[in-house]
Every structure is written in C-alpha cells, then in structure tokens.
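Spelled out, the chains give:
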Amino acid sequence: MNMNLTLKVWRQKNAQTKGKMVDYKVTDISEHMSFLEMLDVLNEDLVKKGEEPVAFDHDCREGICGMCSLFINGEAHGPDRLITTCQLHMRKFKNGDTIYIEPFRAKAFPVIKDLIVDRMAFERIQQAGGFISVNTSGNTTDANSILIPKHNADLSMDAAACIGCGACVATCKNSSAMLFVSAKVSQFALLPQGRIEAKERVLNMVRQMDLEGFGNCTNTEACEVECPKGISLENIARMNREYLSASIF
Amino acid sequence: MSGFLSSSIAKKVAMALSALFLIFFLIIHLAVNLTSLFGENVFNELSHFMGTNPLIQFALQPILILGVVFHFVLGFVLEIKNRKSRNVKYVKYNGAANATWMSRNMIISGGVILAFIVLHFVDFWIPEINTKYILGDMSGQFEGETSFRYFTELQHKFANPWRVVAYVVAFILLALHLLHGFQSAFQSIGFNNKYTSCLKSFGKFYAIAVPLGFIIIALFHHFNH
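Order-wise, the sequence lines are chains Z and F. When the first sequence is numbered by numbering that gives the first Met the number 0, its final residue is 248 and no position is left out of the sequence of numbers. When the second sequence is numbered by numbering that gives the first Met the number 0, its final residue is 224 and no position is left out of the sequence of numbers.
Hints in this document: simulated from the structure, not taken from any laboratory. The model shown is predicted, which means the values in this text are computed figures rather than measured ones. For glycine and all other residues, C-beta sits at the position ideal for the given N, C-alpha and C. Do not take every clue at face value.
[Stated by the list, open to error] Mimicking SDA-like on lysine to any residue, the simulated pairs with C-alpha atoms at most 25 Å apart in a straight line are: (1) F:Lys88 x Z:Ile98; (2) F:Lys88 x Z:Thr97; (3) Z:Lys106 x F:Val72; (4) Z:Lys12 x F:Tyr194; (5) Z:Lys12 x Z:Lys91; (6) Z:Lys47 x Z:Asn1; (7) F:Lys91 x Z:Asn94; (8) F:Lys88 x Z:Ala54; (9) Z:Lys93 x Z:Lys12; (10) F:Lys193 x Z:Gly73; (11) Z:Lys7 x F:Val72; (12) F:Lys80 x Z:Gly73; (13) Z:Lys19 x F:Val72; (14) F:Lys83 x Z:Asp117; (15) Z:Lys91 x F:Tyr89; (16) F:Lys88 x Z:Asn94; (17) Z:Lys172 x F:Lys91; (18) F:Lys80 x F:Leu59; (19) Z:Lys172 x F:Leu16; (20) Z:Lys228 x F:Val67; (21) Z:Lys149 x F:Tyr194; (22) F:Lys199 x Z:Thr97.
[Unchecked claim] Covered stretches of chain F (chain Z as the covering partner; in silico rule of three or more C-beta atoms under 8 Å from a C-beta of chain Z): (23) 26-32; (24) 70-81; (25) 91-102; (26) 187-199.
Based on the sequences and whatever the hints tell you, model everything.
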C-alpha cells in the first residue's frame, strides 16, 4: 500500500546561517522505494512549486560508496541495521508516520547545506597515515610472496570494509571517530606490509583525529550497532594497544 | 610523551586504570565490611588495624583519595569535552536504539556516587580523622570502655532509615555504573579478545554482587541494632 508521510527536514542555507526543521508532506510513496527515492519525490514536488529542493548527499546508491548520510528518526541511516540510507526501504515505515531527517551532527562535520555535511576531517585523518608507502616504479614484488595467516587476512579485510560514511561519529553520543580511525589503523596493522609504518601511522592518525575535534570514546558500543559494514569494536581495542605500545616503546 | 598524555586515548587509558584500581579497592572494602555480619570481634580488629597502621593511613589512604579524585575530575573533563564535540544537538536522538542506559549515563551514575562519597566521608571518615588526629585518641575505644568502638558506631549509623535509603540508592547507581564500567575499562586498555565474553559475564556478576553485598550490610545493621 502506498503511504502518505509527514517529513520534518533540517533546512539550512549554508554553513554561516542558522538552520531549522521544516515540515513537508509527501503522498503516494511506494513501499518499494528507497529512502533517497522518497526524497527525490519530495524534491520533484518542491521544484514544481518553485521552492528550493532539499540538498542531501548520495552517489552510488548501492550501499558501497558511503556518501549518503542522514540521521533518520534519531538513528544514523535510519532504523534498519547493516545498511546505508540508500539501502533503507520505505517498507520500514507506516502510512501516516512522521519522519525526522537531520544531517550527521558533529563539530568536526560542519553542515554545508541542508542535510549535507563536510566529512573532510576523515580525509585529513587518512592523509595523516592511512596508507602504506610502496615503490611503484615497476620493480614491485608480488604481494602474495609474503605469507599471511588466514585469520589476520580476514580481520584485516573486515576492517577494510569501512566505507568512511561517518555513521559512527553521527551516532556516538560523544561524536567520537574511534571506530573509523581504528578500522583504518587495523586494516594495515594486521598485515606485514602495514607493520613497517605501524608506529608512525597510529600516532599520526590519532593526533589528527584529536585535532579535528572529535570526542572521546566511552565504549557505549552504539557505533558498532549503527555501522553499515559491521566494523567491530575489537578494532578500537587494537588501536588502543597499538597507540600505547607506539607511545611507550 | 607530552603528546601522548594529552591524547584522547591516553585519557581513556587513565580513566580505565583508575577505574580498575577503584574496582580492586571495592573488593577489599566489601571483604572487611562483610565480617561485620558475623559478629563484632573480627570487624573491630580489622578496623583498628587499618585505622592505625601507618602504611595504610599515610600511604595507601592518600593514594586511594587521589585515585577517587582523579577518576571524578577526569570523568567530568571528558564529559565537557565530549559535549562540546557536538555543538548543534539533534532534534531527535534515539540513544536507546543502540546503546544501554548505563553506558549513556555514566555521568549521572557517577554524580550520584560522588554525592554518596561526600555523605560517606561525613558519616565515617571525617569523624575518624577528628577522633584520631585532632583529638589525638588512637585507642579505638569509647572513654571508659575496654572494647573497640567501630562495630557500635557502624550500627548507630545505620539506625537512621533515611541514611539506609540513601546508601541503598547509591549502591544501585554504583551497580549501574559498574555494569558498563567494568567491561569498558578493559576495552579501553586494549583488552578485547577470545576471553572478552567471559570477562563480560564476570563483570556483570561483579557489578551486581559487590553493591548487593554493601546493601545487605546496610540493611542487616539497620534491622539488627
């Protein structure tokens, strides 16, 4: 059955102005639509009426890129688990529902416009150490020539599944980025190629994380629940160990 | 090293280590108090020994007070920093969807425990310090009596039902604080491995058993004085 919904949407002209929640009605929404398609319907209506459409982030719409954000009814990426907003379907809502739609909130993620936030803080953390230095001049060795325990390869791959969407920060009551940073630290720390720069990596990435103004982790575990890729809290414990040993020894 | 001490992870580790120290202290405190359920002699002897032993009085006691103050001050500092990390609040935030009440409200349970510690100091610690170091009476006895005073004082304190209620409420909040804090401390120092599920179960047992022990002691002395 198609639905009629009330949307309470955060509207903000730009980073300098103050925003506010604005009410909209959308009608005849199919339960098969994705949440973003429902917002497309809203925007078509707004354009027809000569109003400014709601700005929101999206790209692949396949749950891979991590671009779509949105804090829906008090949860990052809405009420479903292990998905991004583009994979949230309207069948999760009922006819007559009121849906709150807000941008990801953190001091380190300032609003650019409406529901779009600036997540460049994550890029700067990555640039501080989220890589390995490899000579690509043509004499590189085959990566498979270094034997890696299957268990470590699996854990590294699990950590590398992080798409950097920022749901962990948005959902954390402290706006902490530790799940993201720990996933990026772990994916390298678990592999021999990553061990070479492991010490500088964790020190530099944590320093950048702190400089960006993210909060402190208090282990509420909300990030793990809301992460669309199921990144484990074990990564945060690993980052803490890596950071302690890099600082002390 | 200076960068390390000011980092977010160092603060987490400092919170965790001070928490583990206080968790260890609670066991000792409970063990001593539990002896009061089985008569006055052992409790009196232990109280007098701990109250007059110079190592405990002038080394361990200041370390304990420092540990408590450190844990509270850093807890409040982190709370303020964390609140500032989200300068615009959500209109709708469904915290219960993905985290326990205990984990989201450590500042509330911690604040109640702090208020309790103030009451506890006024009840027991300040009168002890006054008797021993201001009045200079190190005998551990009431004037003109030959037996120790500690057990009698304990029973008198718990005669007042309002004090018992305050203690019980504080211990319930302590249990809530520990239900998150015990496991959280281990996660912060980097302990998350195949033993974690076992540790989580033990943490829940500890978080309920220790405050329950204190509640039983308070109620026992209220109804048996």
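Here's how the hints hold up against the structure:
{"no.": "1", "hint": "F:Lys88 x Z:Ile98", "result": "holds (17 Å)"}
{"no.": "2", "hint": "F:Lys88 x Z:Thr97", "result": "holds (20 Å)"}
{"no.": "3", "hint": "Z:Lys106 x F:Val72", "result": "holds (24 Å)"}
{"no.": "4", "hint": "Z:Lys12 x F:Tyr194", "result": "violated (51 Å)"}
{"no.": "5", "hint": "Z:Lys12 x Z:Lys91", "result": "violated (30 Å)"}
{"no.": "6", "hint": "Z:Lys47 x Z:Asn1", "result": "holds (21 Å)"}
{"no.": "7", "hint": "F:Lys91 x Z:Asn94", "result": "holds (20 Å)"}
{"no.": "8", "hint": "F:Lys88 x Z:Ala54", "result": "holds (20 Å)"}
{"no.": "9", "hint": "Z:Lys93 x Z:Lys12", "result": "violated (30 Å)"}
{"no.": "10", "hint": "F:Lys193 x Z:Gly73", "result": "violated (33 Å)"}
{"no.": "11", "hint": "Z:Lys7 x F:Val72", "result": "violated (39 Å)"}
{"no.": "12", "hint": "F:Lys80 x Z:Gly73", "result": "holds (22 Å)"}
{"no.": "13", "hint": "Z:Lys19 x F:Val72", "result": "violated (36 Å)"}
{"no.": "14", "hint": "F:Lys83 x Z:Asp117", "result": "holds (18 Å)"}
{"no.": "15", "hint": "Z:Lys91 x F:Tyr89", "result": "holds (22 Å)"}
{"no.": "16", "hint": "F:Lys88 x Z:Asn94", "result": "violated (28 Å)"}
{"no.": "17", "hint": "Z:Lys172 x F:Lys91", "result": "holds (13 Å)"}
{"no.": "18", "hint": "F:Lys80 x F:Leu59", "result": "violated (31 Å)"}
{"no.": "19", "hint": "Z:Lys172 x F:Leu16", "result": "holds (23 Å)"}
{"no.": "20", "hint": "Z:Lys228 x F:Val67", "result": "violated (39 Å)"}
{"no.": "21", "hint": "Z:Lys149 x F:Tyr194", "result": "holds (21 Å)"}
{"no.": "22", "hint": "F:Lys199 x Z:Thr97", "result": "violated (38 Å)"}
{"no.": "23", "hint": "26-32", "result": "violated (count 0)"}
{"no.": "24", "hint": "70-81", "result": "holds (count 3)"}
{"no.": "25", "hint": "91-102", "result": "holds (count 9)"}
{"no.": "26", "hint": "187-199", "result": "holds (count 6)"}
Taken one by one, the earlier hints fail for this structure at numbers 4, 5, 9, 10, 11, 13, 16, 18, 20, 22, 23, listed in ascending order.
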